[in-house]
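2 protein chains.
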Amino acid sequence: MIDINKANAYVVERFMEARPVATTMAKAIEVVPGLHENMLLHAGPPVTWERMSGPMRGAMIGALLFEGKAKNPEEAEKLLASGKIDFAPCNDHMASGPMAGVISPSQLVYVIENQTHGIKCFSNMNEGRGNVLRMGAYKEEVLNKLRLMESVVGPTVKSALEAMGGIDIRMIISKSLHMGDDGHNREDAASILWSIQMAPIIAKVAKDTQTAHDVIKFLGENPLTMLNPIMAGCKTMTAAGDNVEGSTIVTVMARNGTDFGIKVSGLGNQWFTAQAPIVKALYFPGFKESDACRDIGDSTITETAGIGGFAMAAAPALVTFIGGVPRDATNTTLDMYEITFAEHKQFTIPALDFRGTPTGIDILKVVEKQITPRVNTGVAHKDPGVGQVGGGVVSAPMKCFEDAVTAFAEKYGL
Amino acid sequence: MIDINKANAYVVERFMEARPVATTMAKAIEVVPGLHENMLLHAGPPVTWERMSGPMRGAMIGALLFEGKAKNPEEAEKLLASGKIDFAPCNDHMASGPMAGVISPSQLVYVIENQTHGIKCFSNMNEGRGNVLRMGAYKEEVLNKLRLMESVVGPTVKSALEAMGGIDIRMIISKSLHMGDDGHNREDAASILWSIQMAPIIAKVAKDTQTAHDVIKFLGENPLTMLNPIMAGCKTMTAAGDNVEGSTIVTVMARNGTDFGIKVSGLGNQWFTAQAPIVKALYFPGFKESDACRDIGDSTITETAGIGGFAMAAAPALVTFIGGVPRDATNTTLDMYEITFAEHKQFTIPALDFRGTPTGIDILKVVEKQITPRVNTGVAHKDPGVGQVGGGVVSAPMKCFEDAVTAFAEKYGL
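Protein chains in written order, with this note's numbering: chain A, 50 to 463; chain B, 50 to 463.
Worth flagging that the hints you see were computed from the coordinates, not collected in a lab.
Where hints are given, some of them may not hold.
Copies of one chain are not kept apart here, so a pair can be met inside one copy or by any two copies together.
Stated by the list, open to error - List time: in silico SDA-like cross-link candidates among lysine to any residue, alpha-carbon distance up to 20 Å:
1) K224 x N271
2) K253 x V201
3) K394 x V374
4) K224 x V374
5) K394 x T369
Note that the structure is predicted; figures quoted are calculated from it, not measured.
Working from the sequences, and respecting the hints, build out all of it.
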C-alpha cells in the first residue's frame with residue numbers, strides 16, 4: 050500500500066533542501082543532456098510545427114537565423130517545416146526557458162547546480178524587455194542583441210561566475226521576497242542582487258574596462274536579468290522531487306502557447322496537457338486581448354517550486370505590471386495554501402508574518418478543492434515576429450490535474 | 050491675519066517638488082557653509098562637551114584622530130574639553146549626519162543638489178555596520194576604514210558621479226519603497242539601486258581594476274550605503290520649506306543622544322528641545338536597554354520628509370531589525386497620517402494601495418491628537434568607543450511640539 054503523505058513529504062522536503070548555485074556558463078550543446086546539432090528546445094509540453102503558436106514559431110525562426118542555419122525567415126520556416134529539425138521541451142532536457150523558451154545548440158546557457166542533490170539544470174540569458182526572441186521577435190536588432198550577448202556578455206559572466214565560485218540562487222530568492230519580488234514577473238530586486246554581487250568581479254575579469262562597463266550595465270539595467278537563472282534554479286529544486294513512487298506533487302508546469310502541461314512526481318515522465326488558457330492581462334498601449342497568444346513559457350517552474358504567483362503577497366507592486374490591486378496578490382497566495390502540501394522553509398513572506406510560501410502543488414487537493422494553480426506571466430503577441438503585448442494572471446486548466454489524478458488512480462490501483 | 054493652511058500647503062508642496070541629485074563629492078571644508086578648520090559638526094540640536102552623549106564624544110575623539118589634530122584619545126579629549134574646538138549641528142550647516150553625525154573639515158562629503166530649488170546639502174559616506182565612527186567607535190580599525198574611504202572610495206565615487214551626471218535620489222527613494230525599504234533603517238534596495246547605477250561607471254573611471262573591484266564591493270555590500278545621500282537628499286527637501294511665514298510644518302527633527310530637537314518652518318532657526326528618549330529596541334546578543342545611549346542622529350530628517358518610520362508600511366521585513374511584527378509597521382504609518390498635512394505625490398506604499406506616504410508633520414495636529422512622530426533608528430552604546438547595540442522604534446517627545454505651538458502662538462499673536 051502506498052503512503053501518499055509520506056511520499057509527498059519526501060518530495061517537498063527535497064524541493065526545499067535543494068540549494069541551486071550558478072557556477073558557470075557553457076554552450077548548450079556541450080552541457081544540455083540529449084541536445085544535438087539539429088534540435089531546438091522550447092517551452093511547455095511537446096508540440097509539432099503545425100500546432101506551434103506564433104511566438105514560438107517566431108523564436109524558432111530567429112534561432113535558426115542566429116545559428117546560421119538559414120539566411121532569411123522564409124528559408125528558416127521551410128527548414129522548420131521539413132522535419133529535419135527536432136523539437137523537444139526544455140523540461141525534458143533539464144532546462145527551462147521563459148516564454149517561447151527556445152534554446153539552440155550554440156547558445157550559451159547558465160549551468161545551475163543543485164549542490165544538495167547534485168542535479169544540474171540550464172537556462173539561457175535574459176534579453177531584457179522589448180522586442181526579444183523569447184517573445185517571438187526575430188528582426189535584425191533582436192539577432193544583433195543575441196550576438197552581443199553571446200560574444201560579450203556571456204563570456205564575461207562565465208569568467209565572473211567561475212572566479213567568484215558561483216552565486217547562491219536560493220539565497221537571492223529568499224532576500225528578494227523581502228524586497229518586493231515574487232520571483233517570477235517581478236525580479237527587480239533579485240536582478241540587482243545578482244548584478245551587484247557579480248559587478249566587482251566583472252570589473253576585474255572583463256577583457257577591458259569598456260567591456261566591464263557594458264556588461265555590468267546590461268545586467269544591472271534589466272529587471273529580468275535573474276529570471277532565467279531563477280527558473281533553472283527552480284527546475285533543480287523540483288527535479289530533485291521527480292519520480293518518487295506514490296507522490297501526487299507536481300514537478301513541472303509549462304506552456305507552449307498551444308497546450309498547458311504538467312508532470313507529477315509519482316507518474317514519471319508523462320505529460321498531462323490541456324489547451325493553454327488566454328491570460329487575463331494588463332495590455333501595453335495599442336494592444337488588446339485578441340492580439341494575445343495563449344499562455345506560454347516554462348517560467349511556471351517558479352510556481353511549481355513555491356514562488357511566482359504563489360508568493361505574490363510578497364510583491365504588491367507587481368500589480369502595476371499584471372493589473373488588479375495589491376489585495377488580489379495577497380489573495381492569490383492565500384488561495385494557493387489550499388492546494389499545496391507545505392509552507393516553504395527558505396522562502397517567507399514578511400507581510401504574512403513571515404509565513405513560508407505555499408509549496409508543492411498536490412493534484413489531489415487541486416481536484417478536491419477545484420482550485421488550480423494561479424500564475425503570473427508576460428503575454429506575447431499571437432503572431433510571430435511581434436513581441437510582448439502585456440502581463441497578467443492566469444489559472445492552470447483543471448483538465449491536466451483531473452487526468453493526472455485518473456492516471457494516478459490507475460497506476461496505483463486506487 | 051496669517052493663513053496657516055495656505056502656508057503649510059506651500060511648504061509641503063516644496064518638500065514634494067524638490068528633486069535632489071547627488072552630483073559630486075568634495076572636502077567638507079570646501080563646500081559646507083560656515084564650517085571652519087577648528088569646527089566639528091554633529092547630529093541633533095546644539096550641545097556642549099559637558100552634556101554630550103558617550104557615542105558623540107567617541108565620534109568627536111575619532112574625528113580629531115582622523116584629522117591628525119590629536120595623537121591619542123586622551124589628547125583628543127583634552128582638546129575637545131578645552132573650548133578650542135567649535136561644535137555645531139549639521140542641520141545648522143545644511144548637512145545631515147547619521148547617529149553621532151560627526152563631520153570633520155577634511156572628510157569627503159556628498160554634494161546633494163535639490164535641482165528644483167537650487168539648494169545644496171551635504172553628508173559624509175556611510176561606513177557600514179559594525180564598529181564605526183558614527184556609533185562612537187574610534188579604534189584603529191575604525192580609523193583605517195575611514196582612511197580607506199577617504200583615499201580610495203570617495204575619490205572614485207566622486208569621479209563616477211561627475212562622469213554620469215549625478216544620481217537622482219528621489220527616483221531611487223520612490224523605487225525602493227516598492228522594494229521593501231522604508232528609506233531610513235532599511236535601505237537594502239536603495240543601496241544596491243545606487244551601487245548598480247554607479248558600478249558600470251566605476252569600472253571605467255577607477256584608477257585600476259582592483260580599485261574598481263574594491264569600491265563596487267564596498268558600496269554594494271553595505272545595506273546602508275545610501276543612508277547618507279538619502280538623508281542629505283531629504284534635508285534638501287525640507288530645507289526648501291524653511292522659513293515660510295505662518296507655517297506649522299516641522300522642517301527638522303534631530304537628536305544628539307542628550308536632547309531631541311525640532312525646527313518649524315514658520316519659526317525660523319529656533320530649536321525646540323526636550324530630553325531625548327530611550328529607544329524601545331531589539332538588542333544585539335549580549336546587550337540590553339541599560340547599555341543604550343538615548344536617541345541619537347540626524348536620520349529623522351527622513352521622517353520629516355515623509356519616509357522612514359512614516360513609510361514603514363512599505364517595509365514589513367524591517368521588523369527583523371527593529372522588533373515587533375509587520376502589523377506594527379503598518380499601524381505606525383497609519384498613525385502618522387493623523388499628524389501630517391499631505392500624502393506624498395512621489396513616494397507611495399504598494400501595500401496601502403499605492404497611497405502616498407504621510408508627509409509634513411504639523412505641530413498643531415501633533416498637539417491636538419497627542420500623537421508624536423514615530424521614528425525607527427539604530428541604537429548606539431551609551432559609552433564612547435563601543436558601537437551599535439541594536440535597533441528599534443521611538444516616539445518624539447511631546448514637549449518639543451508643545452513648546453513650538455506656544456512659540457508659534459506668541460509670534461503670530463494667536
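**OP:** Up to 20 Å between alpha-carbons, please classify K253 paired with V201: within, between, both or neither.
**Re:** both (15 Å within a copy, 16 Å between copies)
Original post:
Should K224 paired with N271 be assigned to within, between, both, or neither, using CA atoms and 20 Å as the limit?
Top reply: Close inside one copy (18 Å) and across copies (15 Å); limit 20 Å.
Subject >> Up to 20 Å CA-CA - V374 versus K394, copy category >> reply: between (27 Å within a copy, 19 Å between copies)
Subject >> Same-copy or cross-copy closeness of K394 to T369 [CA-CA at most 20 Å] >> reply: between (29 Å within a copy, 17 Å between copies)
Subject >> Within, between, both or neither: K224, V374 at alpha-carbon 20 Å >> reply: between (23 Å within a copy, 18 Å between copies)
Hint violations for this structure: none, all hints satisfied.
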